[in-house]
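Asker: Residue-level listing of the chains:
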Amino acid sequence: MPSDVLLIVRTALCRYAVHYADLSEVKLIADPAELRANGLHNRPCLGVELGPLLDPFDQSTLIRRRALIVPLRRRYVALLVDYVDTFLERAASVPLPALLRERLQQPWAIGALALDDELIVKLDLRAVARSAMLRSAGES
Amino acid sequence: MIDVLLFQLAGELYGVPSASVREVVRYRIYTPVPGSPASLPGILSQRGVILPVVELRPLLGLALAPVTRAARLVIVAHQEIDMALLAESVLDLVALPAETLQPLPAALDPARARFLRGIARHEQQPVMLLDLDELIAGLRAGA
Numbered sequence: 011m012p013s014d015v016l017l018i019v020r021t022a023l024c025r026y027a028v029h030y031a032d033l034s035e036v037k038l039i040a041d042p043a044e045l046r047a048n049g050l051h052n053r054p055c056l057g058v059e060l061g062p063l064l065d066p067f068d069q070s071t072l073i074r075r076r077a078l079i080v081p082l083r084r085r086y087v088a089l090l091v092d093y094v095d096t097f098l099e100r101a102a103s104v105p106l107p108a109l110l111r112e113r114l115q116q117p118w119a120i121g122a123l124a125l126d127d128e129l130i131v132k133l134d135l136r137a138v139a140r141s142a143m144l145r146s147a148g149e150s
Numbered sequence: 006m007i008d009v010l011l012f013q014l015a016g017e018l019y020g021v022p023s024a025s026v027r028e029v030v031r032y033r034i035y036t037p038v039p040g041s042p043a044s045l046p047g048i049l050s051q052r053g054v055i056l057p058v059v060e061l062r063p064l065l066g067l068a069l070a071p072v073t074r075a076a077r078l079v080i081v082a083h084q085e086i087d088m089a090l091l092a093e094s095v096l097d098l099v100a101l102p103a104e105t106l107q108p109l110p111a112a113l114d115p116a117r118a119r120f121l122r123g124i125a126r127h128e129q130q131p132v133m134l135l136d137l138d139e140l141i142a143g144l145r146a147g148a
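One line per chain: the protein sequences are V and R, in this order. The numbering of the first sequence is our numbering, which starts it at 11 and goes up by one. The numbering of the second sequence is our numbering, which starts it at 6 and goes up by one.
Looking at chain V on its own, in the form it has when it is part of the complex (with noise of 0.2 Å):
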């Protein structure tokens, strides 16, 4: 698949923007707690719910969840969300207005596009992953 491939993934509440190119894999699965016990391709696996980590208000309902598998150095974050809704070859999108992006108190967002009339965020999937492995670490 070309790198410069996004897919358009979706919590309980938003939609999201993400390359292809970040991710090992997408995974459809039936219960997370098994990606935690068994890891992934032998190695450790930490199994975030999207939503929340970006919302605290963005809750699923939903058991089978789609997992975003991102590779960082020694582990795997797979990422839940509820559904891929679609993939984009050279989406046009732009950046943050300069205001907004001086201030992020994460480097979660970087950047938008437009689909389907609506605004659409375009995450930096590495960097939110290094997040939730983070805050993992801190809580454990």
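Be aware that a few hints might be false.
Unchecked claim - Pair ranges (Cβ atoms, derived):
1) 31(V) - 68(R): 42 to 50 Å
2) 146(V) - 75(R): 43 to 51 Å
3) 15(V) - 75(R): 40 to 48 Å
4) 116(V) - 110(R): 32 to 40 Å
5) 126(V) - 107(R): 32 to 40 Å
6) 147(R) - 71(V): 31 to 39 Å
No lab work stands behind these hints: they were computed from the structure. We treat Cβ as the ideally placed atom computed from N, Cα and C, and that holds for glycine.
Chain R: place on chain V using the hints.
Answerer: Just chain R now, with coordinates in the frame of chain V:
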């Protein structure tokens, strides 16, 4: 005369220099941006341009209220920065007599006073005039 667009927040009357106002549009749901501060909660596309939405109430120490049908977005361009100010309602474009402009009361919370140029009067009501230079500086500095 001071030409301003009058709008309301928390029942108070505010004025923004009309020379900086590009347009006023009905409120519509904006796209929240993860990790953004309360004063810059999201973005919206207006005529193909992506604008940051500015929520003035936390900056001015005002309570948030549910959005009503009267809510508007005031599209402002100042210092080469375009932004959409959330207003609970927009009243009118008016020319306020410059001689009614008064300094801010000393008792006003300095955190709030920072974003105001002064107080004028319109039909016996006080109008707090926004200082857009300070607003942009404050947003940049993390107010």
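Asker: Of all the hints given earlier, name the ones this structure violates by number, lowest first.
Answerer: 5
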